[in-house]
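*Asks:* Put together the whole structure using the sequences plus the hints.
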Amino acid sequence: MSKFYTPKRSRNIYDPKDEKPFKLSRSKIDLFLECPRCFYIDRRLGVGRVPGFPFNLNSAVDTLLKKEFDHYRANNQNHPLLEKEGIDARPAAHRDLDRWRHNFTGIQYLHETTKLLIFGAIDDLWINSKGEYIVVDYKATSKKEKITHVNLGWQIGYRRQMEIYQWLLRMNRYSVSNTGYFVYCNGQTDREMFKGKLEFDISLIPYKGDDSWIAETINEIHACLIGSRIPDAKDGCDFCAYRTAVGDVFKPNQAIFDFCETKKK
Numbered sequence: 001m002s003k004f005y006t007p008k009r010s011r012n013i014y015d016p017k018d019e020k021p022f023k024l025s026r027s028k029i030d031l032f033l034e035c036p037r038c039f040y041i042d043r044r045l046g047v048g049r050v051p052g053f054p055f056n057l058n059s060a061v062d063t064l065l066k067k068e069f070d071h072y073r074a075n076n077q078n079h080p081l082l083e084k085e086g087i088d089a090r091p092a093a094h095r096d097l098d099r100w101r102h103n104f105t106g107i108q109y110l111h112e113t114t115k116l117l118i119f120g121a122i123d124d125l126w127i128n129s130k131g132e133y134i135v136v137d138y139k140a141t142s143k144k145e146k147i148t149h150v151n152l153g154w155q156i157g158y159r160r161q162m163e164i165y166q167w168l169l170r171m172n173r174y175s176v177s178n179t180g181y182f183v184y185c186n187g188q189t190d191r192e193m194f195k196g197k198l199e200f201d202i203s204l205i206p207y208k209g210d211d212s213w214i215a216e217t218i219n220e221i222h223a224c225l226i227g228s229r230i231p232d233a234k235d236g237c238d239f240c241a242y243r244t245a246v247g248d249v250f251k252p253n254q255a256i257f258d259f260c261e262t263k264k265k
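Oh and the sequence shown: position 217 is 217 in the working numbering, straight run, nothing missing.
Since the hints were derived computationally from the structure, they do not count as laboratory data. Among the hints, a few may not be true.
As the list claims (entries may be wrong) - DSSO-like cross-link-like pairs, simulated, lysine-lysine; straight-line CA separation at most 27 Å:
1) K139 x K84
2) K146 x K195
3) K234 x K8
4) K195 x K208
5) K146 x K197
6) K84 x K130
7) K195 x K8
8) K66 x K197
9) K23 x K195
Stated by the list, open to error - What follows is a set of in silico ranges between Cβ atoms, one per label pair, in the way DEER data are often shown:
10) K197 x E112: 48 to 54 Å
11) G157 x P7: 20 to 26 Å
12) D235 x S59: 30 to 36 Å
13) W154 x T6: 40 to 46 Å
14) M193 x I226: 37 to 43 Å
15) D18 x T189: 36 to 42 Å
We put the beta carbon where it would ideally sit given N, CA and C, even for glycine.
*Replies:* See the structure below:
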């Protein structure tokens with residue numbers, strides 16, 4: 001069994017009878033919106049989707065960007081990129097920033113009516129001249145074209161991610177700008193040689209968030225979790241399509257499958 005995946009969990013499973021708050025990450029909210037069935041099987045029944053392999057290069061970019069912005073933050077200086085682009089912002093100094101960045105704590109808010117403890121780990125936080133916090137998210141990729149926006153269909157997860165972070169800060173009574181920024185690092189492949197380094201073009205992409213959908217979505221998630229029936233699969237869910245296809249293959253071949261399992265023993 002892979003060290004990256006536990007097929008059947010015994011922890012982090014929602015129990016409708018348990019009155020304690022249940023932690024729900026930003027990524028699990030996104031999972032619910034992708035497919036309520038996959039979400040239910042994961043958070044209620046304890047069988048999550050098989051994850052993709054970790055993107056270690058992306059994580060390295062993320063780590064180095066944090067170190068870079070932290071350098072300017074510690075010296076009470078603005079980042080040259082912000083000055084170059086004329087953005088009214090500077091790295092924000094906040095005592096809780098390290099905790100808000102941690103994957104298993106993040107910034108949290110308890111939704112009282114559902115007892116769902118919503119949390120998410122931000123990449124960075126800037127502040128403008130109005131004293132409003134600006135949510136910042138780092139992204140890394142490698143494309144030939146310059147990256148100027150995050151409005152493509154497949155980028156909806158990025159947009160929701162930004163909006164959830166903005167909402168979490170607001171629920172913690174912070175003044176938050178509607179506009180967040182994606183620090184998008186695009187690895188360049190047009191260089192003559194590698195020479196032990198990968199160079200990036202960096203774009204600061206503004207995005208005006210709208211978190212009005214979040215409160216109702218939390219209520220829908222709660223209704224899903226307390227339900228006793230597995231929800232229908234969402235159209236276009238590849239994971240549900242795979243489960244169905246495997247089930248269809250197993251049914252007429254169950255005798256062969258049972259025989260093979262017996263031979264193993």
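*Asks:* Now tell me, hint by hint, if it's right for this structure.
*Replies:* Taking the hints in turn, this is what the structure says about them:
Our distance criterion of 27 Å between C-alpha atoms is met by K139 and K84, whose separation comes to about 20 Å. The straight-line distance between the Cα atoms of K146 and K195 is roughly 23 Å, inside the 27 Å bound, and the hint therefore holds. About 22 Å separates the Cα atoms of K234 and K8, which keeps this hinted pair within 27 Å; it holds. For the hint linking K195 to K208, the alpha-carbon distance of about 39 Å lies beyond 27 Å, and the restraint is violated.
Note on K146 and K197: the hinted pairing holds, with a Cα-Cα distance of about 20 Å set against a maximum of 27 Å. Distance restraint check for K84 and K130: the Cα-Cα separation of roughly 20 Å lies within the 27 Å cut-off, and the hinted pair is therefore satisfied. Between the alpha carbons of K195 and K8 the distance comes to roughly 45 Å, so the proposed pair goes past 27 Å and is violated. The hinted pair formed by K66 and K197 meets the criterion: a straight-line CA distance of about 19 Å does not exceed 27 Å.
Pair hint K23 plus K195 does not hold up; C-alpha atoms about 45 Å apart against a cutoff of 27 Å. Against the hinted window of 48 to 54 Å, the Cβ-Cβ separation of K197 and E112 comes to about 50 Å, which satisfies the hint. Distance hint check: the CB atoms of G157 and P7 are about 24 Å apart, consistent with the given range 20 to 26 Å. Between D235 and S59 the beta carbon distance is about 33 Å. The supplied range of 30 to 36 Å therefore holds.
In this structure, W154 and T6 break the distance hint of 40 to 46 Å, their C-beta atoms being roughly 28 Å apart. For M193 and I226, the hinted distance range of 37 to 43 Å is not satisfied, since their beta carbons lie about 59 Å from each other. Under the hint 36 to 42 Å, the C-beta atoms of D18 and T189, about 51 Å apart, miss the expected range.
Violated hints for the displayed structure, listed by number in ascending order: 4, 7, 9, 13, 14 and 15.
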